[in-house]
Amino acid sequence: MKNMPHLYDLILNNDALRYIDSSTGIFHTAKDFHESLAIDQTSGLVFLYLDNGLKSIEILLNFLRTDFSIALLSPALNGDYKTNLENHYRPYYIYDPLRVESSDYISFDAGPAHQLFKRKDRVKTEVNRQIKLLINTSGSTGSPKFVKLSEQNIVSNALSIVDYLPVNYADVTPLNLPLFYSYGFSVFTTNSIAGGAIVCTNKTIIEKEFWEEFDQFRYTSLAGVPYVYEMLQRIGFLAKTYPSLRYLTQAGGRMNESILAAFGQYTAENEISFFSMYGQTEATARISYLPPEFLLDKLGSVGKPIKNGRLDIDPDSGELRYYGPNIFGGYATKAEDLLTYQKEDMLLTGDLARADEDGFFYITGRSKRFIKLFGVRINLDEIEQILTEKFNNVRFICIGEEDKHMLVAYTGNKIDEKSVKQLLFEQVKIHPACVKTQLLDSIPLTPNGKVDYMAIKDGILV
Amino acid sequence: MNNLEKLKHAFSEALSIPIDQVNEELKYQGIAEWDSVSHMFLVEAIETTFNLTIAIEDVLEMSSFANVKQVLTKLRITFD
Chain R
1 MKNMPHLYDL ILNNDALRYI DSSTGIFHTA KDFHESLAID QTSGLVFLYL
51 DNGLKSIEIL LNFLRTDFSI ALLSPALNGD YKTNLENHYR PYYIYDPLRV
101 ESSDYISFDA GPAHQLFKRK DRVKTEVNRQ IKLLINTSGS TGSPKFVKLS
151 EQNIVSNALS IVDYLPVNYA DVTPLNLPLF YSYGFSVFTT NSIAGGAIVC
201 TNKTIIEKEF WEEFDQFRYT SLAGVPYVYE MLQRIGFLAK TYPSLRYLTQ
251 AGGRMNESIL AAFGQYTAEN EISFFSMYGQ TEATARISYL PPEFLLDKLG
301 SVGKPIKNGR LDIDPDSGEL RYYGPNIFGG YATKAEDLLT YQKEDMLLTG
351 DLARADEDGF FYITGRSKRF IKLFGVRINL DEIEQILTEK FNNVRFICIG
401 EEDKHMLVAY TGNKIDEKSV KQLLFEQVKI HPACVKTQLL DSIPLTPNGK
451 VDYMAIKDGI LV
Chain D
1001 MNNLEKLKHA FSEALSIPID QVNEELKYQG IAEWDSVSHM FLVEAIETTF
1051 NLTIAIEDVL EMSSFANVKQ VLTKLRITFD
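Taken in sequence, the protein lines are chains R and D.
Heads up: the first sequence at position 265 corresponds to 265 in my numbering, and the numbers run straight through without jumps.
Heads up: the second sequence at position 78 corresponds to 1078 in my numbering, and the numbers run straight through without jumps.
Chain R extracted, bound-state conformation (with noise of 0.2 Å):
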C-alpha cells in the first residue's frame, strides 16, 4: 500500500477519459486541463463550491494535482453559512461560482473566465499532509462536520469500486449525483480512473433536457439514491426501454424492497446489471455491494465487503464493522482538527446487521439515532438539540420511521405543529411533509430509565 499511485497520475493517464459538457458537447480530456490554472505551488486549505458542470471539473482536477487539501462544498449552502465556515477555517483559495466577491480575499481569475478567491493576509490554515479531501456530513446547517479522507482512502475505494463494477473505456457517464457527496465522488473517481466518457451535467432526472441528453450521449449507466429510484419509477422509467444502459448502481440508504424488485425484475429482462451497495463517507464511499445476479435472490441485501474491506458483526451488539484501506482519518468540527489525521483499523458503521448462511449481509436496523430522509443523513440528537434552543419548557424525542418520516415527540407546552415544520425545514431542510409531531403526557422509559423509542413509536403509530 506503500507505493499507491495517486489519484490525478491515474486520471492522467487513462487515455480514454473525456470530459464532456452536456449543453455544448464540448469534450476535454484531462491532459487539456493538466495545470491549465494560475495555483500558488504551495499547501494548504482550499473550499471549492462545486456545480457538476465542466468548469467545476477544472478545478477539481488542478487542486488534485497540487498538495493542497480540498474540502468540497455544496454551492446551494446560505450565504451565511459559507461566510461562518470561511471565517473559522480562512481557506487559502475559494472556489464558489455563484459569489461575485468575498470579504478578506481578493477575486481573480485563475483561467479565462475561473474566478478564484484568494485570501488576502498570509495566515495560513495549517492541514496535516495526509488530508487530500474533506467531505462535509452535516447536511445544509448545524455544524459542519468534516470527514477527513487521505489519497490513499480515496484511491484504494476507487480502485476497490472499480474491481466489481463494470467500468470501461466504452462508457458514456453521466454526472448525476452532487460531486461535493462521497457517493457522486465515487462515480467522478472510478470512471476518471477507468470509464470513457463523463457527461457534466446540472440537469436532474426530473427533467425533460436530462433524458433529451440520455438520448444524445447514449448513457451507459446512472447512480442513485434510493429516492432518485423512486422517482424513476413515478416518472415511469420502468415502461421504457434503454438500448445503451448496461448497469445502474444504487447506494445511500436501504431502498424499499418492492420498488428494488420491481429494478431486479426490469433490469433482469432488459440485460442491464443493477447493483446495490451500501457504504459511508467514513469510509470514503463504498464498503459492500450485492453482485447483480443475487440482486432478486437476496432481496435487500447489502451483500458482501468490496475487496480489501472485510465485515463482521460485534456478538455482544450486534452492530456490523467493517475493516479496510478506505478507512477515514477522524472527523474535523473546527480548524484545529485539521492538524491530525489518524485512521482506525476497524469502522463501527452504527448499523445493526446479520448474515446469512451464505455470507450475505443484511442491515436490520440503526444502533446510532441516525435517520436517512432522501439520501441526507439526519442526527436525531442534533434535532433535538435545535428544536430544544427555540422552544422553551419542551422536551423533545426524534424518532425515524422507516427513512420516510420524523416523528417529534414531547412533552410541556403545547406547540403548533405548523412551527415546528418551519423551523426544521429553514435549518436542516428537512421537507414538512416528512415530519409529524405528537404532544405527550409522559416520556415512557425502560425499566433501565432510558427514553423508550420503541413505546413512543408504537404509541404514535397507533
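What the hints contain is simulated information worked out from the structure, not anything from laboratory work.
Be a bit skeptical, because a hint or two may be false.
Unchecked claim - List of simulated lysine to aspartate or glutamate pairs, EDC-like, C-alpha gap at most 20 Å:
hint, chain 1, residue 1, chain 2, residue 2
1, R, K334, R, D312
2, R, K208, D, E1013
3, R, K421, D, D1035
4, R, K208, D, E1025
5, R, K372, R, E382
6, R, K421, D, E1013
As the list claims (entries may be wrong) - One side of the interface only, derived from the structure: several residues of chain D facing chain R at Cβ under 7 Å:
hint, residue
7, S1016
8, A1032
9, V1037
10, H1039
11, F1041
12, T1053
13, I1056
14, V1059
15, L1060
To be verified - Partner residues aside, some chain D positions facing chain R, computed with beta carbon under 8 Å:
hint, residue
16, D1020
17, S1038
18, M1040
19, S1063
20, S1064
Positions of the beta carbon are idealized from the N, C-alpha and C atoms, including for glycine.
Starting from the known structure of chain R, arrange chain D on it as the hints suggest.
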C-alpha cells in the same frame, strides 16, 4: 378559492414558501426550495388539489409555474 388560488396554495404547501412568493416567474431550481425532493411533493399536492393524475410525460414538463398551468389547462383545469 378559484383554481389559480388553489394552485398557488399547492405550490406554497409543497415548497414550504409563503404564498406571496408563488408567481408566474417561479422555476424549478430557481429557488432553493424547489429542488428534486420538493418537486415530487409538488406533483402529489397538485394531484390531490385537483383530484387528477398527472401523466408521466407531463411530470417532466412541470419545470415552472407557467408550465404547470399549461399542463393543467391541457387536463381541462381553467385559469381565468
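*Have a go at the L1060 (chain D) hint: is there a Cβ in chain R nearer than 7 Å to its own Cβ?*
holds (4 Å)
*Take the C-alpha atoms of K372 (chain R) and E382 (chain R), compute the straight-line distance between them, and say whether it is at most 20 Å.*
Measuring from Cα to Cα gives roughly 14 Å; hence the hint holds.
*Per-residue hint verdict: F1041 (chain D), partner chain R, C-beta under 7 Å*: holds (5 Å)
*asked:* Holds or violated: the hint that D1020 (chain D) contacts chain R, with Cβ atoms closer than 8 Å.
replied: Hint violated; D1020 (chain D) Cβ to chain R Cβ min 16 Å, cut 8 Å.
*Are M1040 (chain D) and chain R close enough, Cβ to Cβ, to be under 8 Å, as the hint says?*
With a closest approach of 6 Å, the M1040 (chain D) hint holds.
*Does D1035 (chain D) lie within 20 Å of K421 (chain R) when you go C-alpha to C-alpha?*
Holds, because 17 Å separates the two Cα atoms, which is no more than 20 Å.
*Classify the hint on H1039 (chain D) as holds or violated, based on whether any CB of chain R lies nearer than 7 Å to its CB.*
holds (6 Å)
_Hint I1056 (chain D) vs chain R: min CB-CB distance below 7 Å?_
holds (3 Å)
*Hinted contact V1059 (chain D) with chain R - closest CB pair below 7 Å*: Because about 5 Å separates V1059 (chain D) from the closest Cβ in chain R, which is inside the 7 Å limit, the hint holds.
*Would you settle whether the hint for S1038 (chain D) is holds or violated, based on the nearest Cβ-Cβ distance to chain R being less than 8 Å?*
S1038 (chain D) check passes; min Cβ-Cβ to chain R is 6 Å, inside 8 Å.
*Should the hint that T1053 (chain D) touches chain R count as held when the rule is a Cβ pair under 7 Å?*
Not OK, violated: T1053 (chain D) not within 7 Å of chain R, min 11 Å.
*Below or equal to 20 Å on CA atoms is what counts here, so check K208 (chain R) against E1025 (chain D).*
Holds, at roughly 19 Å.
Comparing the model with each earlier hint shows violations of hints 1, 2, 12, 16, 20; every other hint is respected.
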